[in-house]
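There are 2 protein chains.
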Amino acid sequence: MSFRTIEWLDDAVVMIDQTRLPGEEVYNTYTDFQSVAEAIKGMIIRGAPAIGVAAAMGVALGARAIIADTHESFFRQLDNVCDVLGRTRPTAVNLFWGLERMKRVAEANRSKSFDKIREALKKEAILIEQEDLTICRNIGKWGATLIPEGATVLTHCNAGGLATAGYGTALGVIRAAHEAGKKINVFADETRPWLQGARLTAWELMKEGIAATLISDNMAGFFMSRGEITCCVVGADRIAANGDTANKIGTYSVAVLAKENNIPFYVAAPVSTLDLSLSDGSKIPIEERPASEVTHIRGVAIAPEGIRVRNPAFDVTPARYITAIITENGIVTGDYRSGLRKVASFSCT
Amino acid sequence: MSFRTIEWLDDAVVMIDQTRLPGEEVYNTYTDFQSVAEAIKGMIIRGAPAIGVAAAMGVALGARAIIADTHESFFRQLDNVCDVLGRTRPTAVNLFWGLERMKRVAEANRSKSFDKIREALKKEAILIEQEDLTICRNIGKWGATLIPEGATVLTHCNAGGLATAGYGTALGVIRAAHEAGKKINVFADETRPWLQGARLTAWELMKEGIAATLISDNMAGFFMSRGEITCCVVGADRIAANGDTANKIGTYSVAVLAKENNIPFYVAAPVSTLDLSLSDGSKIPIEERPASEVTHIRGVAIAPEGIRVRNPAFDVTPARYITAIITENGIVTGDYRSGLRKVASFSCT
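Protein chains in written order, with our numbering: chain P, 1 to 349; chain Z, 1001 to 1349.
The set of hints was computed from the structure by calculation and includes no laboratory data. Note that beta-carbon positions come from the ideal geometry of N, C-alpha and C, so glycine has one too. Heads up, some of the hints might be wrong.
When the alpha-carbon atoms are kept at most 20 Å apart in a straight line, the in silico EDC-like pairs for lysine to aspartate or glutamate are as follows [claimed, not checked]: (1) Z:K1283 - P:E228; (2) P:K259 - Z:E1305; (3) P:K207 - Z:E1228; (4) Z:K1259 - P:E260; (5) Z:K1207 - P:E305; (6) P:K283 - Z:E1228.
Short derived list, chain Z residues pointing at chain P, Cβ under 10 Å [said to hold, decoys possible]: (7) A1151; (8) H1156; (9) G1221; (10) F1223; (11) I1249; (12) A1255; (13) V1256; (14) K1259; (15) N1262; (16) P1264; (17) P1290; (18) V1294; (19) G1299; (20) I1302; (21) P1304.
Looking at chain P on its own, in the form it has when it is part of the complex:
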């Protein structure tokens, strides 16, 4: 990769500022957990797996700054750090998964000195980041088997290196197929309102030398109906036990159009995106973001002042539209309820 999404460097967290891409390639340095929380909320960093890494590193930063007389006070303050980080974005479950994992590590080291706990948390955060890269490569390896030679793959939003510690989930599948020597062409939905596709996916694919074509979201159906799309691959923010998948707004429409045109629709995500505690997608909280994301583009007004706006950031694609879910532990298709339980348990053993 020719960029780093997020890394722990000299006891600080460094992130590429995704609000400024593709125009500027700027790296921000964060030394306290509050500013990491703000970075997540303001989408300096975004993408479910990347948010999980950022939250974990935020906890490690928070732990470093805690001043406490007792272990009880230390852990109370650590809980507060996790609460602040947990209130940033509600939909991507990786955020909560990352926080839970950090809490478990703290708990396991409860009897040790503050500095030992801090060190364990820092190590765990860095481990989560490193593991994510391996996980994405495995997702890519599995997923690439589904992508035919010469395929034109439609993707929505950015489930790329920028949405993870690197390599990507949906773009990981595309990268792996490309690395395997397959001739792949990608259609990237621009993904309004935040334009992750136009700004981030197009940028990543150009850097990688993978043939990419940018379209508006509402053009995907046109190209599907003309037989120009071989398959669709997207990422996920949260997958319920029955396979219902929350992902960037517009994913549901892509899935419905794919089904209508008999085009395979794949979801690529790490096991950390599974939320088996939810029986189906109706329980996934959907974040609504500010109206200004719809009425303004890069600061320029595109709508009359005072117009009412709705801005759900995610939608839920029912499992019946999903041809397969690609995880680092294998491809799940058919009976998602048992298949997802199986791939989830692999990582625990």
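Go by the hints and put chain Z onto chain P.
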């Protein structure tokens, strides 16, 4: 209406500049046919019925400027005027319908003096504009019967007063329902890349005092799947003999999503939008517009330089997704082939 889309004023054509709405309400004056052709191509004026009016007025302007010794020369030059206007935009059939109607009037007056022919053409162009308003009101009257009290109506692009001589087709239906005292709420797709929904439909509905909510195109499916949309109403650029309908890019996706969610999907258009010479929608030419419309929004770059782009301006919705086609001569549903022939013949008798 609190604005005029296009009118003949003091031997010139005056149009509201739709590229500058909603920020600025500017009226441009055109005195030669070449600049009217440029205005159509540059989307100063857009919307199938409005383009038909503009083309007709362009012919009238062109005829005024012809210098000829013989009738043969006059008519040869008039043909050239029509050719230039006909090469502006390929998809909306109203453009060609308007030009054909003007040619017939010229032909019918062939034996008369140049000035008499010019006068007849001017009168016809003004008549087309005035008729369009009546036609839209009739579309509205028929269509309003399909809109239930308290309905939330989703529309795509702008098929409003700005797309016609006034009142609108899809928005004509909504206006008529509103005028009939029904409480209507409208969801307006922003309609990338040109943002007709965000810029024009939102502006028109706010001016009219009709409750409107602006969303990104990729959010329509979300609100349909949640049961928040009662029905969809859109305009049309060309309707083939079997009911297949070309309209603004993204319309096909709205129709597929509506069908998947059991929501009625209506097309509202004048008979002049019918092209019964085409057996089905596969024969409708689809305009592709410049890449910069996708990569830039109001002059601001939103994608990396050099990214490949596709920009089809229209798509075709197969008739099987269309619940009914609302014309000024009645509502067609079921067997479109015979129904459309019937409503088309009404206007010829």
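_Violated hints - listed by number, lowest first_ = 2, 3, 7, 15, 16, 17
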